[in-house]
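J.: As a plain string of letters, each chain reads:
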Amino acid sequence: AQSVTQPDIHITVSEGASLELRCNYSYGATPYLFWYVQSPGQGLQLLLKYFSGDTLVQGIKGFEAEFKRSQSSFNLRKPSVHWSDAAEYFCAVGDAPGGSYIPTFGRGTSLIVHP
Amino acid sequence: DTGVSQDPRHKITKRGQNVTFRCDPISEHNRLYWYRQTLGQGPEFLTYFQNEAQLEKSRLLSDRFSAERPKGSFSTLEIQRTEQGDSAMYLCASSLGTESGANVLTFGAGSRLTVL
Chain D
8 AQSVTQPDIH ITVSEGASLE LRCNYSYGAT PYLFWYVQSP GQGLQLLLKY
58 FSGDTLVQGI KGFEAEFKRS QSSFNLRKPS VHWSDAAEYF CAVGDAPGGS
108 YIPTFGRGTS LIVHP
Chain L
248 DTGVSQDPRH KITKRGQNVT FRCDPISEHN RLYWYRQTLG QGPEFLTYFQ
298 NEAQLEKSRL LSDRFSAERP KGSFSTLEIQ RTEQGDSAMY LCASSLGTES
348 GANVLTFGAG SRLTVL
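These protein sequence lines are chains D and L, in that order.
Each residue of the first sequence is one higher than the one before, starting from 8 at the first, in this note's numbering.
Each residue of the second sequence is one higher than the one before, starting from 248 at the first, in this note's numbering.
Any given hint could be a false lead.
In silico lysine to aspartate or glutamate, DMTMM-like type, Cα no more than 25 Å apart, as pairs [unchecked claim]:
id, chain 1, residue 1, chain 2, residue 2
1, D, K68, D, D92
2, D, K56, L, E325
3, D, K56, L, E275
Computed beta-carbon distance windows for the label pairs [as the list claims (entries may be wrong)]:
id, chain 1, residue 1, chain 2, residue 2, range
4, D, P122, L, E299, 16 to 22 Å
5, D, E71, L, S252, 27 to 33 Å
6, L, S252, D, S107, 24 to 30 Å
7, D, S87, L, G263, 35 to 41 Å
8, D, S77, L, E299, 18 to 24 Å
Source of the hints: derived by calculation from the structure; they are not laboratory data.
Beta carbons: idealized from backbone N, C-alpha and C, even for Gly.
From just these sequences and the hints, can you work out the full model?
T.: Dropping the structure here:
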């Protein structure tokens, strides 16, 4: 069964600093990988996705993520954090074609941004 | 397109009452998912539909939980005889039925349930 681990429950950064949120997955084949963001009182919004090809993917709001098969990781990065980036971030893994297409989510990382 | 709509946004009920949540997906999406999210946790899959067919329901939390999507459009999630442990955010999401699109979920804002 597929699974996702987000080892950091909370991350605190200063505004303008760089950010990296960690995600490790478990899946038998090449996975579909996602990062979603959830602001208070809001639903989850897709930041970016990886299906195949270039292992560095660009997303919305200046975020990027890198797929590293050897490390089973899909870490999210941003070079300069803005106060509005404070939110909950979820990594998810989905089935490749032929699977059930039921994405599995990690427990999330809460990003706190100090002014 | 107005996105995925969920109603009500908040529901407070007494233990033992039945509650029903409604989800209206994006119109061209034929897959519809229900997830539950408790405080400090990620979304937990409950069930999903392809058009009107419920393809996976074994992960509904108990037989008190049921979901329908009668005409392949909107869906309802019902919880009978609510318990305090049912208090959570219930999230609905939809996606295209294509191979690449099926994994890309668009979420609604959620329905928050509080059981007293």
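J.: Using the beta carbons of D/E71 and L/S252, state whether their distance is inside 27 to 33 Å or not.
T.: Distance hint for D/E71, L/S252 holds at roughly 31 Å.
J.: Between the beta carbons of D/S77 and L/E299, is the distance compatible with 18 to 24 Å?
T.: 43 Å, violated
J.: Take the C-alpha atoms of D/K56 and L/E325, compute the straight-line distance between them, and say whether it is at most 25 Å.
T.: Violated. D/K56 to L/E325 sits at ~32 Å, over the 25 Å cutoff.
J.: Within 24 to 30 Å: is that where the Cβ-Cβ distance between L/S252 and D/S107 falls?
T.: About 25 Å separates the Cβ atoms of L/S252 and D/S107, which means 24 to 30 Å holds.
J.: Range first: 16 to 22 Å. Now tell me if the beta carbons of D/P122 and L/E299 are that far apart.
T.: 50 Å, violated
J.: Are the Cα positions of D/K68 and D/D92 separated by 25 Å at most?
T.: 9 Å, holds
J.: Would you mind confirming whether the straight-line C-alpha gap from D/K56 to L/E275 stays at or under 25 Å?
T.: 21 Å, holds
J.: Does the Cβ distance between D/S87 and L/G263 fall inside 35 to 41 Å?
T.: 52 Å, violated
Checked against the numbered hints above, the structure violates hints 2, 4, 7 and 8; every other hint is satisfied.
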